[in-house]
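Enquirer: For reference, the chains in residue letters:
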Amino acid sequence: MRTIEPWVTEPLERFLQESQARLVLLTTSSGQVVAQHGFSRSLDVMAASSLGAGIMASTGAIADLMGSSGFGTIVHEGTRQSLILAAIDTPRGRWLGLVVFGRETTVGLVQLFWNVLARELLARMPATVNAPPKRAETFERDLDASLRSLFGR
Amino acid sequence: MTDDIRQLTAAVAADPSSLLFLDLAERLRTQRLYRPARTVVERGLERYPTLAAGFALLGRVHCDAGDHAAAADAWHEALRHDASHLEARKGLAYLDWRAGDIAAARAGLEALMHDRPGDAGVRLALAGLDAQSVPTADVTIHEDDAVLAEGTMLVDDAGMRLAGRLQRHGGADVSEAVAAELVGASREAARAARLLGLGAWRDAAVEAATGGLHVVPPTPDALLIAVRDRRTPPGRLAMEAEHAARESRVWLESQG
Amino acid sequence: MKPNFEGALEQLTRVRGVRGAVVVDAQDGIALAGALRDGEDGDALAALAGAVMMRLVRGSDAAGLGPARLVYLRGDDGLLCAAPFGGTLLIAVLADRSANLGLVRLALLDAVGGLAA
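Protein chains in written order, with the numbering used here: chain A, 1 to 153; chain B, 154 to 409; chain C, 410 to 526.
Just so you know, not all the hints are guaranteed correct.
What the hints assert, rightly or not - For the chain C half of the interface with chain A, some residues (derived, Cβ under 7 Å), not all of them:
{"id": "1", "residue": "D437"}
{"id": "2", "residue": "I439"}
{"id": "3", "residue": "G448"}
{"id": "4", "residue": "G451"}
{"id": "5", "residue": "A453"}
{"id": "6", "residue": "A455"}
{"id": "7", "residue": "A460"}
As the list claims (entries may be wrong) - Quick list of simulated restraints, FRET-style, between CB atoms:
{"id": "8", "chain 1": "A", "residue 1": "T79", "chain 2": "B", "residue 2": "E199", "range": "52 to 58 Å"}
{"id": "9", "chain 1": "A", "residue 1": "W7", "chain 2": "B", "residue 2": "A163", "range": "40 to 46 Å"}
{"id": "10", "chain 1": "B", "residue 1": "R399", "chain 2": "A", "residue 2": "D44", "range": "25 to 31 Å"}
{"id": "11", "chain 1": "B", "residue 1": "G253", "chain 2": "A", "residue 2": "I74", "range": "30 to 36 Å"}
{"id": "12", "chain 1": "C", "residue 1": "R425", "chain 2": "A", "residue 2": "L122", "range": "37 to 43 Å"}
{"id": "13", "chain 1": "C", "residue 1": "D452", "chain 2": "A", "residue 2": "L51", "range": "39 to 45 Å"}
{"id": "14", "chain 1": "C", "residue 1": "R506", "chain 2": "B", "residue 2": "P373", "range": "17 to 23 Å"}
What the hints assert, rightly or not - Chain B residues, not near chain A, derived (Cβ > 10 Å throughout):
{"id": "15", "residue": "H221"}
{"id": "16", "residue": "Q320"}
{"id": "17", "residue": "R344"}
Worth flagging that the hints you see were computed from the coordinates, not collected in a lab. None of the values given here were measured: they were computed from a predicted structure. Cβ atoms here follow ideal geometry from the backbone N, Cα and C, with glycine treated the same way.
Given the sequences, and given the hints that come with them, work out the whole structure.
Expert: Quick look at the structure:
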């Protein structure tokens, strides 16, 4: 596992152990990668981050059409692997989680321990000055910077 | 090929990224099919190159196949990814003993005892060193010890049999298969009990068509498993399992 | 005809000590229906009950005991009891220490019998 912010490590390790998830990617809504586990290439992280953000944005638009406040969690079930996309509303803005898991665990367990992780992250999050809102064009720059940090380049 | 190996093989073939490769390799190892076991683990480790449990299992396979140098390499690699990995440390202590380096074996086991004071397998291995008997990475009790009644088995938290064995109707030994399935049961039961507000877990049971299974944790890192056919009522099975767990607790303590 | 999950679960919650009952798809660990006291988390019950029960059933399968009809886990402060019916579905019951395992067991088998009929 690699994390940008050390205080994320312990709760995320607990989540991985309890949920038996295979891949986890935690990003801010502006694309900064906070932590990742299981990805072997920065290209995969970049793609997953972009696609995950896109899916959440699309479903948010559908929720608007439905007059709903939004979907906190999206589940895609596959035959061999499944995917959960979930949001955590933090004082620093919305964080997005992408979790991939196989048949050694269940959707219910992954969601249960994701909720525990979200509570722990919110409880541990250091106080910080609110950063100015990021624009879409800074998404890729922030993503590149955090990927370089995560993959040690 | 046994049914469970067939099923696991199909499951891993259907999803090569599944962690079931560990279960499959372990079953193959217990059936003494060392070359296929090694192949399965090595392929799995290509996908999970930092999985300490995979390297620990590879070490077991090499050790059982007689390649102690390769076993040592694998266990050292397991420790590189998880410095506290119990099985890898046990395995290396065993290799020290086999090489005649009793002092190193003892030092390794004593360090383990310091980190895991409740581990029955480590206590047994140290007792074996003291008695100049044969501690092995897979600590078993001699059949003559008769620690447990028929249809009852004691395993450690790695799924290693400590005493007793289980047989299916018809005589087939199912000890390893049952131990492998229930190896995580104690942790899962403890977790469920904790998160659902049930306190410390005491026992668990399955009532099935032809009999019952009852499990009790005599210590936090051991599991007593009792199986009876349907002639034994569930309440009686629970009593017998609890009695066997008490005896196991006393026996485990006597080894340390 | 749609099975009467709600009716079966309500009956179970009337047993002394029962904190809640859910219908779970054990394959997903997701609750399909539930009857719970205030403050009880049906999603957690479904996920955890599904996982531990299926683990125990795999052990009994390995022992060659045939199809499971009831599974339970006892703690110092209560018990979790489950019975499968229809494929991967099961009913899970969570009870406090005032519950009697025998009564919970009978009520659960009765509920499952009614749903499977």
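Enquirer: Check each numbered hint from earlier against the structure, then list the numbers of those it violates in ascending order.
Expert: 3, 4, 8, 10, 11, 13, 17
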